[in-house]
Structure formats: C-alpha cells, structure tokens
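Protein chains in written order, with the working numbering: chain A, 298 to 609; chain B, 72 to 619; chain C, 39 to 167.
These aren't lab readings, by the way, just hints derived from the structure by calculation. Do not rely on the hints blindly, as some may be mistaken.
To be verified - Think about it this way: if two alpha-carbon atoms lie no more than 27 Å apart in a straight line, the pair counts; the simulated BS3-like pairs of lysine-lysine are:
{"no.": "1", "chain 1": "C", "residue 1": "K120", "chain 2": "A", "residue 2": "K332"}
{"no.": "2", "chain 1": "A", "residue 1": "K332", "chain 2": "C", "residue 2": "K142"}
{"no.": "3", "chain 1": "C", "residue 1": "K123", "chain 2": "C", "residue 2": "K142"}
{"no.": "4", "chain 1": "B", "residue 1": "K381", "chain 2": "B", "residue 2": "K219"}
{"no.": "5", "chain 1": "B", "residue 1": "K499", "chain 2": "A", "residue 2": "K519"}
{"no.": "6", "chain 1": "A", "residue 1": "K495", "chain 2": "B", "residue 2": "K486"}
{"no.": "7", "chain 1": "C", "residue 1": "K142", "chain 2": "B", "residue 2": "K538"}
{"no.": "8", "chain 1": "B", "residue 1": "K369", "chain 2": "B", "residue 2": "K486"}
{"no.": "9", "chain 1": "B", "residue 1": "K542", "chain 2": "C", "residue 2": "K120"}
{"no.": "10", "chain 1": "C", "residue 1": "K41", "chain 2": "A", "residue 2": "K575"}
{"no.": "11", "chain 1": "B", "residue 1": "K575", "chain 2": "A", "residue 2": "K362"}
{"no.": "12", "chain 1": "B", "residue 1": "K538", "chain 2": "B", "residue 2": "K372"}
{"no.": "13", "chain 1": "A", "residue 1": "K362", "chain 2": "C", "residue 2": "K120"}
{"no.": "14", "chain 1": "B", "residue 1": "K542", "chain 2": "B", "residue 2": "K575"}
Quick caveat, the model's predicted, so the values are computed rather than measured.
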Amino acid sequence: MDIAEELLKGNRLALSRAITAIENEYDEALDIMKKLYPHTGHAFVLGITGPPGAGKSTLTDKLAKAYRAQGKTVGIIAIDPTSPFTGGAILGDRIRMNSLTMDEGVFIRSMGTRGSLGGLSHKTADAVKAMDAFGKDIIFVETVGVGQSEVDIVKAADTTMVVLIPGMGDDIQAIKAGILEIGDVFTINKADHDGADKLVREMNMMLDLDGMMTDWRPPIQKVIASQGEGITETIDNIEKHFKYISENGILTKRRTERSKNEMMDVLHNNIGSYITKKLVETGEMDKYVEKIKARETDPYTVVGNIMKDMLK
Amino acid sequence: MSNEKIQAGLDKYNASVEKATAKFPERPNLPEQRLYTPLDIEGTDYADEIGFPGMYPYTRGVQPTMYRGRFWTMRMYAGFSTAAESNKRYRYLIESGATGLSCAFDLPTQIGYDSDDPISEGEVGKVGVAIDSLADMEVLFDQIDLGKVSTSMTINAPASVLLAMYIAVAEKQGVPADQLKGTIQNDILKEYAARGTYIFPPRPSMRLITNIFEYCSKNVPKWNTISISGYHIREAGSTASQEIAFTIADGIAYCEAAIKAGLHIDDFAGRLSFFWNAHNNVLEEVAKFRASRRVWAKVMKERFHAEKPKSMMLRVHTQTAGSMLTAQQPNNNIVRVALQTAAAVMGGTQSLHTNSRDEALALPTEESVMIALRTQQIVAYESGLADVIDPLAGSYYVEALTNKIEKEAWEYINKIDEIGGAVAAIEKGYIQKEIQDSAYKWQMDVESGAKTIVGVNKFQIEEEPPKGLLKVDASVGVAQCKRLAEMKSKRDSDAVKAALADLKKACQDENENLMPHILSAVRTYATLGEICGVMREVFGEYEAHVNL
Amino acid sequence: MEKRIRVLVAKPGLDGHDRGAKVVARALRDAGFEVIYTGLRQTPEQIAEAALQEDVNVVAMSILSGAHPHLFPKVVNLVREKGMKDVLIIGGGVIPETDIPALKEAGIAEVFTPGTPTSDIVDFIKANV
Numbered sequence: 298m299d300i301a302e303e304l305l306k307g308n309r310l311a312l313s314r315a316i317t318a319i320e321n322e323y324d325e326a327l328d329i330m331k332k333l334y335p336h337t338g339h340a341f342v343l344g345i346t347g348p349p350g351a352g353k354s355t356l357t358d359k360l361a362k363a364y365r366a367q368g369k370t371v372g373i374i375a376i377d378p379t380s381p382f383t384g385g386a387i388l389g390d391r392i393r394m395n396s397l398t399m400d401e402g403v404f405i406r407s408m409g410t411r412g413s414l415g416g417l418s419h420k421t422a423d424a425v426k427a428m429d430a431f432g433k434d435i436i437f438v439e440t441v442g443v444g445q446s447e448v449d450i451v452k453a454a455d456t457t458m459v460v461l462i463p464g465m466g467d468d469i470q471a472i473k474a475g476i477l478e479i480g481d482v483f484t485i486n487k488a489d490h491d492g493a494d495k496l497v498r499e500m501n502m503m504l505d506l507d508g509m510m511t512d513w514r515p516p517i518q519k520v521i522a523s524q525g526e527g528i529t530e531t532i533d534n535i536e537k538h539f540k541y542i543s544e545n546g547i548l549t550k551r552r553t554e555r556s557k558n559e560m561m562d563v564l565h566n567n568i569g570s571y572i573t574k575k576l577v578e579t580g581e582m583d584k585y586v587e588k589i590k591a592r593e594t595d596p597y598t599v600v601g602n603i604m605k606d607m608l609k
Numbered sequence: 072m073s074n075e076k077i078q079a080g081l082d083k084y085n086a087s088v089e090k091a092t093a094k095f096p097e098r099p100n101l102p103e104q105r106l107y108t109p110l111d112i113e114g115t116d117y118a119d120e121i122g123f124p125g126m127y128p129y130t131r132g133v134q135p136t137m138y139r140g141r142f143w144t145m146r147m148y149a150g151f152s153t154a155a156e157s158n159k160r161y162r163y164l165i166e167s168g169a170t171g172l173s174c175a176f177d178l179p180t181q182i183g184y185d186s187d188d189p190i191s192e193g194e195v196g197k198v199g200v201a202i203d204s205l206a207d208m209e210v211l212f213d214q215i216d217l218g219k220v221s222t223s224m225t226i227n228a229p230a231s232v233l234l235a236m237y238i239a240v241a242e243k244q245g246v247p248a249d250q251l252k253g254t255i256q257n258d259i260l261k262e263y264a265a266r267g268t269y270i271f272p273p274r275p276s277m278r279l280i281t282n283i284f285e286y287c288s289k290n291v292p293k294w295n296t297i298s299i300s301g302y303h304i305r306e307a308g309s310t311a312s313q314e315i316a317f318t319i320a321d322g323i324a325y326c327e328a329a330i331k332a333g334l335h336i337d338d339f340a341g342r343l344s345f346f347w348n349a350h351n352n353v354l355e356e357v358a359k360f361r362a363s364r365r366v367w368a369k370v371m372k373e374r375f376h377a378e379k380p381k382s383m384m385l386r387v388h389t390q391t392a393g394s395m396l397t398a399q400q401p402n403n404n405i406v407r408v409a410l411q412t413a414a415a416v417m418g419g420t421q422s423l424h425t426n427s428r429d430e431a432l433a434l435p436t437e438e439s440v441m442i443a444l445r446t447q448q449i450v451a452y453e454s455g456l457a458d459v460i461d462p463l464a465g466s467y468y469v470e471a472l473t474n475k476i477e478k479e480a481w482e483y484i485n486k487i488d489e490i491g492g493a494v495a496a497i498e499k500g501y502i503q504k505e506i507q508d509s510a511y512k513w514q515m516d517v518e519s520g521a522k523t524i525v526g527v528n529k530f531q532i533e534e535e536p537p538k539g540l541l542k543v544d545a546s547v548g549v550a551q552c553k554r555l556a557e558m559k560s561k562r563d564s565d566a567v568k569a570a571l572a573d574l575k576k577a578c579q580d581e582n583e584n585l586m587p588h589i590l591s592a593v594r595t596y597a598t599l600g601e602i603c604g605v606m607r608e609v610f611g612e613y614e615a616h617v618n619l
Numbered sequence: 039m040e041k042r043i044r045v046l047v048a049k050p051g052l053d054g055h056d057r058g059a060k061v062v063a064r065a066l067r068d069a070g071f072e073v074i075y076t077g078l079r080q081t082p083e084q085i086a087e088a089a090l091q092e093d094v095n096v097v098a099m100s101i102l103s104g105a106h107p108h109l110f111p112k113v114v115n116l117v118r119e120k121g122m123k124d125v126l127i128i129g130g131g132v133i134p135e136t137d138i139p140a141l142k143e144a145g146i147a148e149v150f151t152p153g154t155p156t157s158d159i160v161d162f163i164k165a166n167v
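So here's chain A without its partners, still in its complex pose (with noise of 0.2 Å):
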C-alpha cells in the first residue's frame, strides 16, 4: 500500500506503518515525510515527562479521557528506555491505558529509546508528524525526565508538563534542577502521600528564585491521577498555558525554532550519513582509522582534510 496515502485517507495500519518506517529508518520514510509534511502544523503537542514512578502513565491515560470527552481525538507516543546492554526493551506504558485501546479515537504506540544518539528526538518528532498528519487533534509526547535526549524530545512539544511525586528523597532534586527550566506546567501526582504539599512549597521556592522567570508562572497542581482528581484543573493550566503562548507570539516562536531545528536535523544526519557512506566505500575510514591510531596524525587534521574536500 501506499503509506502516506492510505494515511491520509485514515488508515490506522498505514499510521502505524509509517511510525515503523520513521523507527526502523526505512529509506521509504524519507518519501512518507515528504508526503505528510504539507498536512502537519494542526496538532497540540503535550511533553509529559518526570521521573520515574511518577504516574505519567496513568496521568496520560486520564487527561487522554478527558480531552476525548470534549470530542477532541488523541494520539500518545509513549518513550520507555532501551536497555544499553541488550538492545531489548520493556515497553510498559501501554498497561495504564488499557481502557483507550478501543477507542477508535485514539491511537497509542511505545517507543523504546533504543541507542541513537540524538537520533531519538529526531524520530519522535517525525512521530509526532504522522500523527498529526493522520489529524490528531492533541497529542502527547511521554518519556521519562533522565537523558538529555528525552529533554529534547519534550523541548519539541508546544506545552512540557513535569510530573512529580512526594517523598522520592534526594533523587527529585537532581530532577528538579535539569526540568524545573522545561516545564510549563507542573503536577504533584499520589497528592494523597505524604510530603505533598512539603513538596509543592519547595517547588514554588525554586520558581521564586527563578531569575529567567517570564510573565508566565508555570502552575503547581496536586494531583490523584488514580483516582481522577485534580484531572480538569491539570487540562485548565495546559489550556491557559497553550493561550497565552498563542498570544504572545511564543507559539509562533517556538514552532519556527522546532521548523529550524527540524531542518537542520535533517542537514546533520544526511550530511553526516552521506559523508560517511563515501567514506566507508571509498576505503578511507579504514586507512584514516589506522593512520590515527598509529598516531601519524590526528582526527582534527583528517576532519579538516575531509571538509575541505567536500566543500569544494
């Protein structure tokens, strides 16, 4: 079949075909980016990201419900890490939304991080792209808050919330610290634990000592995502927050960044790719390789020496 077409025509398989293609970097993902591109730019993105344990499962799963009763249609990409020692992975987030797999207005895929450097965010967002090309109205981007790469992936989404929980000890604030500049909004999830509100005044006095702090406030909301509460003020503060960045020019803003860091994304990796393919078939990495490692010279002048070929 025709991915790109039957995708655009609303074929859940030729959706999932095309996210396949984008993961598995399949030469014929290029033409499906090409395809989709003109029919992206109408989806909300949310980043959820936090901890692990955090409950950003289940906290998708309620907000999906919700967005789903306001008529809107949802599409979640759910990032768990891949192992570093087997290339295997555990994609468990699918567990904490059983219930919406059957609703035809949704459509969930995991995604494990798997070893690309840099390479993930790249993927997601051309996730993403399927997904909203397919017509997804909202649709969530969730990994967890560890790597820079899951930063960058969330640093994509036009509204970032950070889900944490009491009583994690020392580890939030080594969290804290990296994500406390990426989130837009902020849920304390398990409000019921004990260390809650402990936890929410300790948040608000980082965002007091915040000197970069913008007109927008990022909002601190408890949360029991188990049991449904704090779910409508959670989707109040994502909607304020995606309004005023509407009207202060900062949607704008940020998706011209996005479009810019998409473009030269794909630069990168085709420059790079390319480089290296000739490389490799003429013969030389293997010669350079050799000459380095026997100190002839060093990767600085060979990198030099490469360029100026190619920029000739």
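Could you slot chains B and C onto chain A? The hints should help.
Just chains B and C now, kept in the frame of chain A:
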C-alpha cells in the same frame, strides 16, 4: 562436648574435606555450607525460640498433641463445569474419605461476572464451578449437610457474596449460621501481588474484608474469615522466605485495617488462617513452616499486643506446589507430591490439598484425584511421619534454616514497614518486582542447568501425548447461560431491584457493614454479576501495577 | 538502520497467572526484542488493536485457564482482519497436546507448553520473523 571441642573437630573435618574435594570435586550449585553442627544453633534459646507444641512461640506446632489426636484435614480442592457436576465430585470425595470440601470457582465467578457477560466467553466452568446466583449454590451443596462438612472456598474479591450465598443455602437446609464451619480465602492483597483476580481498588476491598471480620465475629463465629495466602506468591515465583514474609506483611495490613475499623485484635485474630505452599525442597519447607509460626506469634504478641493464645497461632492450610508439576512424564508428579506432602506434614499443617499428577496438562481426572488423596492417607497412616510431633526439631540443619528463614522474613517485613505497609508496597510494585525477579532467576537457573528438573532439563524421554485428560466442553457455557436466563425469568425482579438499590446506598456509606445488605440481595436471587456490578459502580476497579 | 523485533505479550481472558508471561517478556527483552506488555484480562479485540497500533512482528499470548480453544483463534482472526497478514502469532500455557493441531490449523504458528525453555521461544521468533 564443649564448643571448643566441636570447633576443633570441625577444623579437622574441614581439612579432610579439602583433601577430599581436591580429588573428588563436589557437585556444582549446592548450598555453600555442607554440614551443620551444634555451633550453627549456638545462640538459639530452646525455651524462647523453639519451645513446646501448643505454646508460644508455636515453632513446634499450634496444638499440644498435633496429629497424635487427629490427622490434618484432607481437603481436596475441586470444582469445574456446572454446579451439578461439581456436586457429584464433592460427594465422591466425601465418600472416598475426604474430610473437608474445597470449592474452586471459575474465573468469571472469581472476578464477579455472570456467565452470560461477554467477557466470560470461553471461561465458564473452566477452572472451577460457575456460580451465578443462589440457585447455583443450592445445587452445588445439594445433599451435603452444611452443618457437618467444613467448606473452604477459594474466593477473594467477591468473597462476601459467596459467603452470603453459603449462609443462605444453610438457612434453607435449616442450619443456623453459627454452626457453619469453613474458610473463605478473602485475601485481596495477594491478588494484587500475585494471583490477579482482583476487582476493586485496595481501599474498598479492605473495607469489605473488615466488614466480613466484623459480621462473622458476631454471626458466623466458627468461620475462618480469611486465608492469608502465600501459596500464590510462591506459585508466582517467590522464594520460601519471600512467601512467608510477604504473606505475614499482608496479615499485618489486615489486622491494622480491622483495628482501624474499631475491632479489637483478640476478637478477630483467632479466626485468621494462613495458606502455604509445599514446595520441592523438603527440609527448607519444614523450616519455613516452623519459622512462619514463630514470626506470626511474635508479630501478634509484640506488635499487636494480642492476649489470647489463639490470636498468636498461625494455623495453616497447605497445598502442594502446582508450579512444580511437570507436563513431561506426568506420573513423576505423584512422587513430587508425596515428598511435598511429607514436608507439609513434618511442617505441621492443619489441612492439606494434594495436587494431581495431570494438573500441568489439564484439570485432574477422578483417578488422579484419588491417587493424590491416597498420597495423604499413606503419609498419615503408613509413613510414621505423623506419629511424633515436629520430628525434625533439633536437627542442626533444620533449626539453623528455621532461624535463617525467620531472619530473612523479618528483613522483608521491616523493609515493607519502611515503605508504608503491604498496601503501599503493592501499589509501588515493590512486592511484585521482588517476586518477578525470583521467578526469572528460577527460570534462568533451570535453563542453564544450575537447577535440575527431572524430565524437563534432564532425563527427558520421547513421550506419547497423555490420554484421557478431563476437558470441560464449551457447551457448559451455553447451558449455564440458559440456566441463568431461566432463573432470571422466574425471580421477583422488583425485589432484586430494591435489594440492589439498597446495596448501592450502603456502599456509599463508608460506616455501613455491607454483609447484611449483600445477604438480602443474595436471597432475592440477585446475581453475582449484578451485586458486583453495583459495587464496581461505587468503588471503581483496580488498575494493576506492572513493573517488569 | 535500527530495526528491532517487536513483540506484544498479552494475557487474553480472565486468568491472573502471569508468571509465565512476565518471565517470557523479560527473556525476550534480554534477547534484544522490544516487548509491549499489556497485562491481564485483555479481550481479543484489545489484543488485535494493540498489535495494530504497535505494528508488532509477533503476538505472544499465554493462557492457563483452558480458554485457549476459544480465545487464541479469535485473536488470529481479528489480527488478520486488520490487514496484518505477516504477524507471527504464538501461544503458551497449560495446553493439552491434543488441542495443538486445531490451534495450528487456526493460525497459531507455535504452541509452547510448560517446561519450554525461553530460549526456544526466542529461537522460534528469530527463525520466523
């Protein structure tokens, strides 16, 4: 002999071992310590830690005479297909000398769905008997005197409903509730952690359980209101220490919930019972039984300040390990079950179910069930294992192992306390993860050959597919649905509606005991699915925590 | 190219015995597969839909309750109806030998009974995807 002399002897022995192993290496994958001596139980105070049967801390058993008075209850878990079929099997078992009944329910019943619910398709009557309403329960116990038999029911999330049905059947037989003897499993925490047939979230589930404690303490005083089960935790892959630790942690959570609901520990603790697995390693199992009694006695005395001796006794039903049965060379399972039976008996169980040889393949046939029951009878009457109380006490190894398992159990219990108790530990996925890790390790040990399972990874043979397995026909589901429809057409539907509305109101009031309301609903022939449906509406459903 | 074999591990029906499914899920992960674990009480419709959304290469199901003659073929049909002709569908659990020919006839590529090493399952998937 003084300790110095023993140590000197041991040193000499160890030197000789070194020489011997240089020539003849020992088998791989053995426990580190090869020999136990008085030095290994040096610090164990006999009077405080081991003691006497029927006395604190009950290490040697909960009754003063144990099996010298009366054997354990030989209770065979059975039930399949329709109530009428299962009734026939129960009467066969009673005629064969079984001294207690144990009802297996099908999965729709265990999860609170009627047989005609779309989700029940393919499952009706498969792993147990299908019970949709009081009408089925009447047939299940037809011609069985509920005033005489003791009945154990493996039912958890909807335990209150099945108990209510049992009480209602007894009423019709003219047996008053205070004469009824038996057990409901009613242990929801291990369902979340290991067995999977939960319905409601923890909070309302704990309420249902404490409602049952309270109701039974007043109305059904001889009933064991809960069977706190390690069996399924072990089946899910835990170690022996984890089995008793997680189960006792669950027991602590139930006691705390009941106390919070206003009950006094000594009013309900005597009716708590436990359920252990009898696994393959005979001596480890014996030590596990002994350690578990000691830990529970200490928990009750020191933590809950129980005063009645009965509150401190860990009374236990046991089942041989289903997961250790092999599909390969199934007759070998008879031997496994015999050894597991020996372990449970030397461990001092109060009742026992023995699995049948063909259960890794299908439901057991009548012939297989007979062999399993005979196994218990042979151990009881012929082996001599039941003639002397706690016969392995004083074995250096068994006493040291009892101490070790107790220590490991306390470490887990303390860890779970730190997390905030069993409910929190389950909600965080901690207990599940520990069990899964052990299960995975077991499987990898079998695959690497570190563990040998006869007929599975060693001593395999070419086999003919086994014949004569019991199969539950798909027509059972159809017949049961028809029966249900007929029953519904005959009952007073206004009475059903009123009873369900009353139940709903009661569910919404947290201070109301639900048992009388459920009993009223059951009497109108409201179905299990209808009653659980009302509770689902008010309480919601549990969502599993999976942390692989 | 970063292709991975993707496997949906599911428990159709109502039985709660997930020891086997979980052990298999971990073994498949350790073999380098991406495993989408959907947990207990999945209807055949849910399993087929999840297989579609996740574009898996393999659907692996486990049943210990005896409901396999009804549920396994139903999943096969639904998956095929969704246009996933090439998805490998395998099953395991307490399944009598005598039931296996009918399950294979219905499109279950292989049935793994108790005692099967997880490495057999891994090898089978590698050979057939």
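Task: Given hint K142/C paired with K123/C - CA-CA distance at most 27 Å - done: holds (15 Å)
Task: Given hint K219/B paired with K381/B - CA-CA distance at most 27 Å - done: The hint holds at about 23 Å.
Task: Distance restraint between K41/C and K575/A, which requires alpha-carbon spacing of 27 Å or less - done: holds (23 Å)
Task: Hinted pair K538/B and K372/B, Cα distance within 27 Å - done: The given pair, whose Cα atoms are some 53 Å apart, is violated under the 27 Å limit.
Open item on the list: Between the alpha carbons of K362/A and K120/C, is the straight-line distance 27 Å or under?
Closed with: With a Cα-Cα distance of about 25 Å, the restraint between K362/A and K120/C holds, given a limit of 27 Å.
Open item on the list: Check whether the Cα positions of K332/A and K142/C lie no farther apart than 27 Å.
Closed with: violated (41 Å)
TODO: Please work out if K542/B and K120/C have their alpha carbons no farther apart than 27 Å.
DONE: violated (32 Å)
Open item on the list: Next pair to validate is K575/B with K362/A; report whether the Cα-Cα distance is within 27 Å.
Closed with: holds (26 Å)
Open item on the list: Against the 27 Å threshold, does the CA-CA distance of K499/B and K519/A hold or violate the hint?
Closed with: The hint holds at about 19 Å.
Task: Hint consistency between K120/C and K332/A [alpha-carbon to alpha-carbon, up to 27 Å] - done: holds (24 Å)
Task: Agreement of K142/C and K538/B with the hint, judged by alpha carbon distance not exceeding 27 Å - done: holds (20 Å)
Open item on the list: Need the status of pair K369/B, K486/B: alpha-carbon distance at most 27 Å?
Closed with: holds (17 Å)
When the structure is compared with the earlier hints, violations turn up for hints 2, 9, 12, 14 and for no others.
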